[in-house]
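Order-wise, the sequence lines are chains A and B. Convert by adding 9 to the 1-based position in the first sequence; the result is the number in the working numbering. Convert by adding 9 to the 1-based position in the second sequence; the result is the number in the working numbering.
What the hints contain is simulated information worked out from the structure, not anything from laboratory work. Keep in mind the model is a prediction, meaning the values are calculated, not measured. Please note: incorrect hints may appear among the correct ones.
Any copy, or any two copies together, can satisfy a pair, since identical chains are not distinguished.
[Unchecked claim] Below, computed lysine-lysine pairings styled on DSBU-like, alpha-carbon distance capped at 30 Å:
1. K31 - K165
2. K35 - K317
3. K35 - K83
4. K224 - K203
5. K150 - K331
6. K83 - K315
7. K174 - K35
8. K288 - K165
9. K174 - K31
10. K237 - K31
11. K237 - K58
12. K344 - K134
13. K58 - K134
Protein chains: 2
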Amino acid sequence: MLADKNEARTSLEELGEFGLIKHLTKDFDIHQASTVKGIGDDAAILDFKDSKTVVSTDLLIEGVHFDLSYMPLKHLGYKAVIVNLSDIYAMNAMATHITVSIAVSNRFPLEALEEFYSGVAMACKVYGVDLIGGDTTSSTKGMLISVTALGQAAEKDIVYRNGSKENDLLVVTGDLGGAYLGLQVLERENEVFKVNPGNQPDLEPYSYLVERQLKPEARKDIVGLLEKLEVCPTAMIDISDGLSSEILHLCKQSEVGCNLYEDKIPLDPTVISTAEEFKMDSTMIALSGGEDYELLFTIDQKDFPKIKGNPHLTVIGHMSEKAEGVHLIARDSSKIPIKAQGWNSF
Amino acid sequence: MLADKNEARTSLEELGEFGLIKHLTKDFDIHQASTVKGIGDDAAILDFKDSKTVVSTDLLIEGVHFDLSYMPLKHLGYKAVIVNLSDIYAMNAMATHITVSIAVSNRFPLEALEEFYSGVAMACKVYGVDLIGGDTTSSTKGMLISVTALGQAAEKDIVYRNGSKENDLLVVTGDLGGAYLGLQVLERENEVFKVNPGNQPDLEPYSYLVERQLKPEARKDIVGLLEKLEVCPTAMIDISDGLSSEILHLCKQSEVGCNLYEDKIPLDPTVISTAEEFKMDSTMIALSGGEDYELLFTIDQKDFPKIKGNPHLTVIGHMSEKAEGVHLIARDSSKIPIKAQGWNSF
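Next comes chain A alone, as it looks inside the complex (with noise of 0.2 Å):
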């Protein structure tokens, strides 16, 4: 008899929507003090004790967020969680809870979920999180995810976006620009693949910039960091959609203007060397490329010598008085005005 080649595919209809979620979320751990009920009653039970609530929510959808030809459906189920907790944490906030629904077309088969649930389990574990419920049902069209992340902090310790005042010192955590580069490598690789199906693509040279588009990470971190030096920023927010645009929401909520030094932005080499090979601008790509979750906010300058030399943070400019307005200060000097999406001379 011949072996058969088949993947395993188990059709959602086989196990029904209560067998199907109690499948899926077997393997999730309780990590977190707080939850009293998770899944498996109409709502799930938290106990924040003294701490306040903090709630975020993010839409995924296939074909407009994401593209399954070259994101595998674990690192999907990962960084749809990421994005989320990453928004807990621009509040200096800790994340402890997340809910996931998922909808998705009959070509999905179960394996294909139970892949997606594994990358959910796995942030879950790294980031201490805990899976309290969601919906599954069917899509008449593709794959869309909704997550919606759940945090606590103490009242003195939650950053807004408001807060930023004249002079504050404006910084920024990692590198910038490589989840969009990701993105271009990932996209050239899958046109010739489709050209030339026995390509073997090499993405040695590029697998920080493709780790950073497939498997972002959290800066959870940070507000431990943060903490350790006894830095409460002033104003913060995290980098989904590029630095010009979270930096214009950062000034138009604290009505302040803001100088950004080019010369200061953090740039990974593989993205100064790939964004040639692109023939794109890589100041550019870092601030409108986006989806590189790492955190920005402003500190008061008499904190400076509490952040001085830390490899993961990094002054880029300093706020202004709002009249000012909010300017590139390019590696010439000159000054350029920052627009949303990118700035004027995109």
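For chain A, the structure is supplied; the task is to place chain B on it using the hints.
Below, chain B without anything else, positioned relative to chain A:
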């Protein structure tokens, strides 16, 4: 000059994502003292003080959960909220906050989203809950909605699905089957309309059923009523999938059996007459129809005098030993096992 008879159509691109969110949420008031920060930052901040936090979420997909050919968008917005609040009330908790995420294809103009959000706003107002976040994005096909509801409750008041004991009484609120028959009526009229678009449907005789389908209410009042009557249910669930499915959940999680009496199931006269018209069994509709969003709960027998004669509450059965199983006691005294998705004579 001729008046422009076209309905106003503003494309979503004109506003951009942030403009759109701001526009759609501008008329939402804050009702809850616990809302520290609503829409406008990376996450919302809530202060539940000593209460527990209650969380539930649902996904609604066009073509799977709703059909826009007979579901007006305002009603859809209202219903999307109600469906989620119902899960919070089913914990004997008070709903306080919601997030609403929506994805739409480019066939939806701004005015369609305004209609949807006006329904969301109305539900928020009627139920006193605050909209605190969400996500607005494009879809590749149709409309999809993800709502997460939050609520609060004192620990001693929370009612799970797993607390029913042998001999507890099974109680249901309101009446059953209306929402399912409302859908049948709407689908029939939709078919007639397709054949003869000039035909004006007379929905007047079915107004109760159509309203149960298009504008259901969640039983917030019951949470207050139970408190007033000093009755704490031993277990509770909301009826979204039909009575039989919910009874099975209670029995499974509480490890008890149940006898449900067919002649006790509360049915509106319109349900009985319309079921006859459609040549359907009204008991079957109550058992398997779904979408009634009534509450189903069990109480200790000693609490019976407290609820006796209350027009909102009907005792429809009692819990038994697990080994006895779950049965419908039919009008002719025959004992029919209740299985998932209706009973076995379906």
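To see whether the hints hold, each was checked on the structure:
no.	hint	verdict
1	K31 - K165	between (39 Å within a copy, 28 Å between copies)
2	K35 - K317	neither (46 Å within a copy, 42 Å between copies)
3	K35 - K83	within (17 Å within a copy, 38 Å between copies)
4	K224 - K203	within (24 Å within a copy, 49 Å between copies)
5	K150 - K331	neither (46 Å within a copy, 42 Å between copies)
6	K83 - K315	neither (38 Å within a copy, 53 Å between copies)
7	K174 - K35	between (48 Å within a copy, 27 Å between copies)
8	K288 - K165	neither (46 Å within a copy, 64 Å between copies)
9	K174 - K31	between (50 Å within a copy, 24 Å between copies)
10	K237 - K31	neither (40 Å within a copy, 37 Å between copies)
11	K237 - K58	both (23 Å within a copy, 27 Å between copies)
12	K344 - K134	neither (45 Å within a copy, 48 Å between copies)
13	K58 - K134	both (23 Å within a copy, 28 Å between copies)
The structure is inconsistent with the numbered hints 2, 5, 6, 8, 10, 12, although it conforms to all the rest.
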